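**Q** Given the coordinates of chain X, assemble chain R onto it according to the supplied hints.
Protein chains in written order, with the numbering used here: chain X, 1 to 335; chain R, 1 to 335.
Keep in mind that the hints are not guaranteed to be accurate.
Since the list gives no way to pick one copy over another, a pair counts as held whenever it fits inside one copy or between any two copies.
Lysine-lysine pairs mimicking DSS-like chemistry, simulated, CA-CA at most 25 Å apart [what the hints assert, rightly or not]:
hint	residue 1	residue 2
1	Lys153	Lys140
2	Lys199	Lys215
3	Lys139	Lys90
4	Lys36	Lys139
5	Lys283	Lys140
Rather than coming from a laboratory, the hints here were simulated on the basis of the structure. Note that the coordinates shown come from a computational prediction; the quantities given were computed from them, not determined experimentally.
Number of protein chains: 2
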Amino acid sequence: MKNYSIKDIAEIAGVSVATVSRVINDNGRFSEETRKKVLKVIEETGYKMNYSAKNLRMNKSFTIGILVPDISNYFFSDVVQQLEEILFAKGYSTIICNTSRSSEKELAYLRILEGKGVDGLIVISGAEAFQFDSSSAEKKIPYICIDREPKKKEDTVFISSNHYQGAFESAEELIREGCQHPVIAMHNQKSTSAKERLKGFKDALKKNSISFNPKQHLLSIDIESEDFEHDLLNFLKKNPETDGIFSINDLIALELMLRLKKNHIAVPQKIKLIGFDDTPSGKYTTPTLSSVKQNTDLIANHAVETLLELINNKGELGRQIVVPVSLVLRESSTP
Amino acid sequence: MKNYSIKDIAEIAGVSVATVSRVINDNGRFSEETRKKVLKVIEETGYKMNYSAKNLRMNKSFTIGILVPDISNYFFSDVVQQLEEILFAKGYSTIICNTSRSSEKELAYLRILEGKGVDGLIVISGAEAFQFDSSSAEKKIPYICIDREPKKKEDTVFISSNHYQGAFESAEELIREGCQHPVIAMHNQKSTSAKERLKGFKDALKKNSISFNPKQHLLSIDIESEDFEHDLLNFLKKNPETDGIFSINDLIALELMLRLKKNHIAVPQKIKLIGFDDTPSGKYTTPTLSSVKQNTDLIANHAVETLLELINNKGELGRQIVVPVSLVLRESSTP
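With the rest of the complex left out, here is chain X (with noise of 0.2 Å):
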């Protein structure tokens, strides 16, 4: 009798080697008729059913981890939406961790996904630097990190929007368009992210001759707070120069765009104000908000294809992919 491999029941079945494990595995997508016909040829053939499920599932599930530390966060749900609609097509299947941003919660994840027998994971921004072990030697899981930096860059592939370059040219926009003393609006600093915001800030407020200094050029501001209105107007009290903001992000910016208009602060007469993220909320304000667009189609096709390179054996490691980004203008930023 011969031998049959899994390509073999494919081929004879008429479908794909993953249908196939996915039918032995009862694991996603395939119709009734389908599985009729793979387990029908599975009988003729012979074909040593047991053992090889047993194989497979411990190679392949067909299945992709991703963890996000804020699904209501529309930059990450856009992300994340994306990534399930490549990977659906691909025949992945996708299931989703939010993490509320707690280091507590994400390493409850990550041994969940690891139970769960996921292929690979997706791990999507967070402050502190990512570190991750298979506690499996046999089955060492691949992951892809968006937006956060690894602690091992010899362990995965580091993707991430060019904020550096967003930053800069939101700066040097608002010079060009006469601001002469303006400011970043942020709150954590920790992130790479934000850390990379900040420099591309400065460096454009150096290349135009205007020295950075915190007190006048930082205002320091949480979006969860009570206080924000009472910081924002101290902030401007303090530096009443103050004619444009570059915002870490659209919530920050969209907040700040409220607060001014209260104080009778016209926005873009007095103060210019651009944000980041391009939320759909900025083209129904008034005035309109100009804001850095992150290519989020560009950067879930790359983790797709890279994790699906590493699941595969293929594809080098410690590589960083940086997708750029483009500045949006819109009233809020324009004469």
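**A** Frame of chain X, contents of chain R only:
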């Protein structure tokens, strides 16, 4: 030798039964210290770990699956975020699957979640009545429907906002503010929530002696369509007396506001506007947007409570829980 139970182990180790189970299954949250402590007690007592572990594994994974049609939608991501928080506090982990409103994906993810051994399912929204039959007769997986009508009411608990009330009160508010020709703007009429909202709107008109005529009172409009503005203007041309619009969701309401503004039709002076969902964008627009707020907090709490009851073979099936909504009045519907 005494035959120790998992309860005894928990008591001796000074932890909960759930924690012992998690350590045995290496699933979820526990510190290294806890792990050592539990394993030491198991060793000392000679607790028959393997048998019980297998048993436990069949019975409890402390993982809940959530099916959501579109996590980039504010209401959905808000509910999911809250479900996760409440479940995590109760010792359960959550895995989220995004179905992109595709029934093919929904079926695939149901199989996958079942394969991953979730203890229960929460299904959010969707156009068709939801049907789910556990593939194993031994382990029936309990499920809760949020805003999604179940096909077999006797198998589940159905939780939803009082969509009827939200629409009814919105229409009454428009009429109270002087609108004589209120219109409902919507696209899809298939989902339970859409049907209920339409019904509430119609009944409010009836109560106020306005006879509902689809040609005059129903603006069928698709947010995804390029003809959005054309369809709006076309409707207003045929129905120039329109003086109030209740929009079935904020996405449509915001887009309506933008297009009306662009065509110099003043909101609220010429047309008053009320949306549904109270998305964050609504407070940044000019005028700010009136909207119906769903009580996601209460919905999430009811869902977790009833699901955990079902998992523990308590609680009554076949129930429907209707959660009241509240009308948040802002500038778009007031004089």
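**Q** Against each hint, give a clear statement of whether it holds in the structure.
**A** To see whether the hints hold, each was checked on the structure:
1. Lys153 with Lys140: within (16 Å within a copy, 44 Å between copies)
2. Lys199 with Lys215: Answer is within: at 16 Å inside a copy they meet the 25 Å cutoff, but 57 Å across does not.
3. Lys139 with Lys90: within (22 Å within a copy, 31 Å between copies)
4. Lys36 with Lys139: Cα proximity of Lys36 and Lys139: across copies only (24 Å, versus 31 Å in one copy).
5. Lys283 with Lys140: Classified as neither: same-chain Cα gap 45 Å, cross-chain 47 Å, threshold 25 Å.
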